[in-house]
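Protein chains in written order, with this note's numbering: chain F, 174 to 373; chain X, 85 to 581; chain Y, 112 to 355.
None of these hints come from the bench; they were simulated from the model.
Quick caveat: nothing in here was measured; it's all calculated off a predicted structure.
Please note that the accuracy of each hint is not assured.
Only part of the chain X face toward chain Y is listed, based on derived beta-carbon distances under 7 Å [claimed, not checked]:
id	residue
1	W146
2	M213
3	V274
4	L278
5	T279
6	T427
7	D506
8	L510
9	P545
What the simulated footprint calls covered on chain X by chain F, stretch by stretch (three residues with Cβ under 8 Å from a Cβ of chain F suffice, anywhere in the stretch; the number is not a length) [said to hold, decoys possible]:
id	region
10	124-138
11	147-157
12	280-293
13	313-323
14	349-359
15	371-382
16	392-402
The C-beta atom is built at its ideal place from N, Cα and C for all residues, glycine as well.
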Amino acid sequence: MSSRELILDRVRAALRDAPVVAEAPRDYRPAGAAPPDLDVLVDRLVDYKAEVHRVASAEVAATVAGLVAEGGAVLVPPGLPEMWRPEGAFADDGLAPDRIAAADAVLTAAAVAVAETGTIVLDASPDQGRRVISLLPDVHVIVLRPDQVVASVPDAIARLDGRRPLTWISGPSATSDIELNRVEGVHGPRHLHVLLLTDG
Amino acid sequence: MSTFLGMPTTAPRGVGHLRGDRTFPEAARDALKNDQLRRNLRHATTTIRGKSGKVIAELPDWQSLRDAGSAIKAGVLAQLPELLEQLEARVTEAGGVVHWAADANEANAIVTGLVRQTGSDRVIKVKSMATQEIGLNEALEAAGITPVETDLAELIVQLGHDKPSHILVPAIHRNRSEIRDIFLRAMPGVDPALTDDPPVLAAAARRYLRETFLSTTVAVSGANFAIADTGTLGVVESEGNGRMCLTLPDTLITVMGIEKVLPTWRDLEVFLQLLPRSSTGERMNPYTTMWTGVTPGDGPQKFHLVLLDNGRTAVLSDPAGRQALHCIRCSACLNVCPVYERTGGHSYGSVYPGPIGAVLSPQLTGVADNASLPYASSLCGACFDACPVKIDIPSLLVHLRNRVRHPAAERAAMAAAAYTMDRPKLYASAQRAAKLARIAGRRGRGLPPPLSGWTAGRDLPEFPKQTFRDWWAERASHPEPASHPEPASHPERAEET
Amino acid sequence: MRIAFFATCLADTLFPEAAKATVRLLERLGHEVVFPNQQTCCGQMHINTGYQKEALPLVRRYASTFDRYDVTVVPSGSCAGSIRHQHAMVASAYGDAGLASRAADVAARTYELSELLIDVLKVEDVGAYYPHRVTYHPTCHSLRMTRVGDKPLRLLRQVRGIDLVELPAAEQCCGFGGTFALKNPETSTAMLADKITDIVSTGADVCTAGDTSCLMHIGGGLSRLRAGVRTVHLAEILASTESS
Ligand code: SF4
Numbered sequence: 174m175s176s177r178e179l180i181l182d183r184v185r186a187a188l189r190d191a192p193v194v195a196e197a198p199r200d201y202r203p204a205g206a207a208p209p210d211l212d213v214l215v216d217r218l219v220d221y222k223a224e225v226h227r228v229a230s231a232e233v234a235a236t237v238a239g240l241v242a243e244g245g246a247v248l249v250p251p252g253l254p255e256m257w258r259p260e261g262a263f264a265d266d267g268l269a270p271d272r273i274a275a276a277d278a279v280l281t282a283a284a285v286a287v288a289e290t291g292t293i294v295l296d297a298s299p300d301q302g303r304r305v306i307s308l309l310p311d312v313h314v315i316v317l318r319p320d321q322v323v324a325s326v327p328d329a330i331a332r333l334d335g336r337r338p339l340t341w342i343s344g345p346s347a348t349s350d351i352e353l354n355r356v357e358g359v360h361g362p363r364h365l366h367v368l369l370l371t372d373g
Numbered sequence: 085m086s087t088f089l090g091m092p093t094t095a096p097r098g099v100g101h102l103r104g105d106r107t108f109p110e111a112a113r114d115a116l117k118n119d120q121l122r123r124n125l126r127h128a129t130t131t132i133r134g135k136s137g138k139v140i141a142e143l144p145d146w147q148s149l150r151d152a153g154s155a156i157k158a159g160v161l162a163q164l165p166e167l168l169e170q171l172e173a174r175v176t177e178a179g180g181v182v183h184w185a186a187d188a189n190e191a192n193a194i195v196t197g198l199v200r201q202t203g204s205d206r207v208i209k210v211k212s213m214a215t216q217e218i219g220l221n222e223a224l225e226a227a228g229i230t231p232v233e234t235d236l237a238e239l240i241v242q243l244g245h246d247k248p249s250h251i252l253v254p255a256i257h258r259n260r261s262e263i264r265d266i267f268l269r270a271m272p273g274v275d276p277a278l279t280d281d282p283p284v285l286a287a288a289a290r291r292y293l294r295e296t297f298l299s300t301t302v303a304v305s306g307a308n309f310a311i312a313d314t315g316t317l318g319v320v321e322s323e324g325n326g327r328m329c330l331t332l333p334d335t336l337i338t339v340m341g342i343e344k345v346l347p348t349w350r351d352l353e354v355f356l357q358l359l360p361r362s363s364t365g366e367r368m369n370p371y372t373t374m375w376t377g378v379t380p381g382d383g384p385q386k387f388h389l390v391l392l393d394n395g396r397t398a399v400l401s402d403p404a405g406r407q408a409l410h411c412i413r414c415s416a417c418l419n420v421c422p423v424y425e426r427t428g429g430h431s432y433g434s435v436y437p438g439p440i441g442a443v444l445s446p447q448l449t450g451v452a453d454n455a456s457l458p459y460a461s462s463l464c465g466a467c468f469d470a471c472p473v474k475i476d477i478p479s480l481l482v483h484l485r486n487r488v489r490h491p492a493a494e495r496a497a498m499a500a501a502a503y504t505m506d507r508p509k510l511y512a513s514a515q516r517a518a519k520l521a522r523i524a525g526r527r528g529r530g531l532p533p534p535l536s537g538w539t540a541g542r543d544l545p546e547f548p549k550q551t552f553r554d555w556w557a558e559r560a561s562h563p564e565p566a567s568h569p570e571p572a573s574h575p576e577r578a579e580e581t
Numbered sequence: 112m113r114i115a116f117f118a119t120c121l122a123d124t125l126f127p128e129a130a131k132a133t134v135r136l137l138e139r140l141g142h143e144v145v146f147p148n149q150q151t152c153c154g155q156m157h158i159n160t161g162y163q164k165e166a167l168p169l170v171r172r173y174a175s176t177f178d179r180y181d182v183t184v185v186p187s188g189s190c191a192g193s194i195r196h197q198h199a200m201v202a203s204a205y206g207d208a209g210l211a212s213r214a215a216d217v218a219a220r221t222y223e224l225s226e227l228l229i230d231v232l233k234v235e236d237v238g239a240y241y242p243h244r245v246t247y248h249p250t251c252h253s254l255r256m257t258r259v260g261d262k263p264l265r266l267l268r269q270v271r272g273i274d275l276v277e278l279p280a281a282e283q284c285c286g287f288g289g290t291f292a293l294k295n296p297e298t299s300t301a302m303l304a305d306k307i308t309d310i311v312s313t314g315a316d317v318c319t320a321g322d323t324s325c326l327m328h329i330g331g332g333l334s335r336l337r338a339g340v341r342t343v344h345l346a347e348i349l350a351s352t353e354s355s
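Bound-form chain F, shown alone (with noise of 0.2 Å):
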């Protein structure tokens, strides 16, 4: 017999008591049930400390310009829109690891953001890049558009896919891990700058 098979005749062996569970009771805020607050994903964003910068997107390659170092060099996602990228950016077409984490800076786009979590959500999107290019660099610059803002988690589960690569960040990396205190910058970027546009 495969292990699969034990395991899985174990299983039914041990439910043979046939237990029945009614529906899962869903008595809490759905999906939908309030719109986004801008101001409270600025709140929330905040308190994890990141950075929060709302300007127009015509500003975005601008600001992230002076977010680097005078000649920085910004990595940037493929599919990333043309007007955000500061002069000089370089774009990701499959580097290795070692030519990501030199970079100065990451800029990418996001997928949904979560206003009551202070959460962003990136999916891997071409404006995203892969998962890599927003984890080695130090420091990590999204731009976020209105649109993609929503109230809760619920709101970002029905809109994100599943299969797609999916990574939530709350902040720029930290630990509890030290006396339970949350201590910002362990191995991810150690600094989140949000670039929340103003015109959509």
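Based on these hints, arrange chains X and Y with the ligand on the given structure of chain F.
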């Protein structure tokens, strides 16, 4: 121990970390002598309780989320065979390979074999309870493969040649200055001027592990959940070491208990709200990675999922005990437990400490192998109120105590007490005789164990001159004007004495 | 109202003042109290130590003794909790369905003292007088099993002359836990030590609670340390009047 093929089986002995070498009271006695440990634990658990309470209070629908989480988990167990088959099909369609491990030995052999096939002699690991449970690191080391723990707390434990003491924060028993000392002693290339400032300690770990992340081709992880209808797996973490392990290597091997499957993508809307708030006390943890099989050009190009039984089917076979499998390993029950706060995690002898450990470990191993754990609780009930999936841990403890083989002397005493208490006249004369215990004095001089345990730190109450029962009878025969004695005509059941 | 009184084995044997106070209080409020003398113990010690089968006769005894009364009061959140949450479970595991449903039925008519006063008798001010500095420890089973909430405090707040002071970390367990205190004495006394520190920090001269068991534990520790704080059952405070 022989078992029938296909019958639920407990976790095997001799492998993994589910059994301690001492009973809980023995191990706790040592831990209680360690004042530093108790200060560290009290500080950490008080901090987390405060944080968690605050973010939970922000949600108006917390109780509804708990109800949903509990019911979804009960539903998972009821349809576990179908869900596992569905998960297997979805993961396979998405380019992953699914393996089934009946116990720790088989899981260790599968993972070791898979790592060998890659030719790598090193793996990077994301903190995972399942791989600790099965003793995977020891198995890998025995095969000449070096496992590198990348979670900060796991790193502290590994560098300190220590054991984890908490589900979420395995080094919770260490404070910042102890951590600095461990890093100075055991972290290659560490700056000798290292301070005990937490950001500085975190930065030291970042520098130390960077190169390892970039040069290791195999990672081993656990999973917080797997979605049957999409084949999606998820790891919830904070530091980004999880993202490194789940993104950079060529090969990813995930070991997951069979109970971690969830039916639908939508179910995540419940658990992604319950877990962070009850775990680290955050609205959301810094990073969650979700992946489905293999994505060409993005992340590991080879993905293996190892589904682990190792006693879980034995837990499942007890209709009253199976709710322990609802656990999402948030550790809220540890953080509110007054016993855990004093004794620390090592006293429980298993990778699963605290209240959930006291009900899960004995079920995974069979109660005989962890007979003292169901008693490692005052049944105060704080864990039940804290549990995001509403596991009734106090009732489970009581249930398991009923399955423990009791010491003969205790059995005799309990039987005698029950006999007496079922015979009111005999009981009343025993009450009067008990007054003789006054001879022992309030400090209980000369009392035998276990009663001597009481008087180690507590005086006995003073025995009253008269029991209530006698007072009542006396009063009934000399009624006070204001009293209403029981009517004499009242029907009474014949008394057996 | 005619109220059956389940004194509990502990109050009956060791803390009769708490039981007598319950009787006096209810009679003072104009009710008739009956004490069926077939009662002994609710069986919680057996159940919580892992002897459910041995507890079955006690479960049966409780049900048959109190079945005939509309309302039963018990001056213990812990025993009330056991009766409500454990009796039917033991009855169905070791007895029969008939006993289980009878046990559940009797349990539904069994009230902890503060519940009886507030929910059934609808009284918050029982006319008590107690000129002492008092702190209240909400015992775990009152709080989390029987879920009496703030009812005891609401009763205490109406007591004349009382100086009621808040207990820090009140909801933390005192470390009693029945046989836990015997099987894990070191852990139990470590928990007790913290509880006592908190009690002493209030400057109260009386620590009260709705369970004689926890009070026995706390009192045993206070006595050992000669802390100068007495333990007094909630019923005794509520039964006190200017004339007593
Ligand atoms: S038992 Fe509940 S509270 Fe404890 S770790 Fe599991 S889910 Fe969390």
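Are there at least three residues in the region 147-157 of chain X whose beta carbon sits under 8 Å from a beta carbon of chain F? holds (count 6)
Closest C-beta approach of X:D506 to chain Y relative to 7 Å, hint status: It holds, given that the least Cβ distance between X:D506 and chain Y is near 4 Å, below 7 Å.
Given as covered by chain F, does the region 313-323 of chain X meet the bar of three residues or more with CB within less than 8 Å? holds (count 5)
Can we keep the X:W146 interface hint, with Cβ of chain Y closer than 7 Å? 17 Å, violated
Count residues of the region 349-359 of chain X with a Cβ under 8 Å from any Cβ of chain F, then say if the count reaches three. It holds: at least three residues are needed, and the region 349-359 of chain X offers 7 whose Cβ sits within less than 8 Å of chain F.
Test coverage of the region 124-138 of chain X by chain F using CB-CB distances below 8 Å; three residues minimum. holds (count 7)
Please verify that hint: X:P545, Cβ, nearest Cβ of chain Y, below 7 Å or not. 5 Å, holds
Verdict on chain F covering the region 280-293 of chain X, where coverage means 3 or more residues with a C-beta closer than 8 Å: Result for this restraint: holds, n = 8.
Status of the X:T279 interface restraint (C-beta, 7 Å, chain Y): 32 Å, violated
Minimum Cβ distance from X:M213 to chain Y below 7 Å? 24 Å, violated
Hint check: 7 Å Cβ-Cβ cutoff, X:V274 to chain Y: Since chain Y brings no Cβ nearer than about 36 Å to X:V274, farther than 7 Å, the hint is violated.
Once the shortest beta carbon distance from X:L510 to chain Y is found, is it less than 7 Å? 10 Å, violated
When held up to the earlier numbered hints, the structure conflicts with 1, 2, 3, 4, 5, 8 and fits the remainder.
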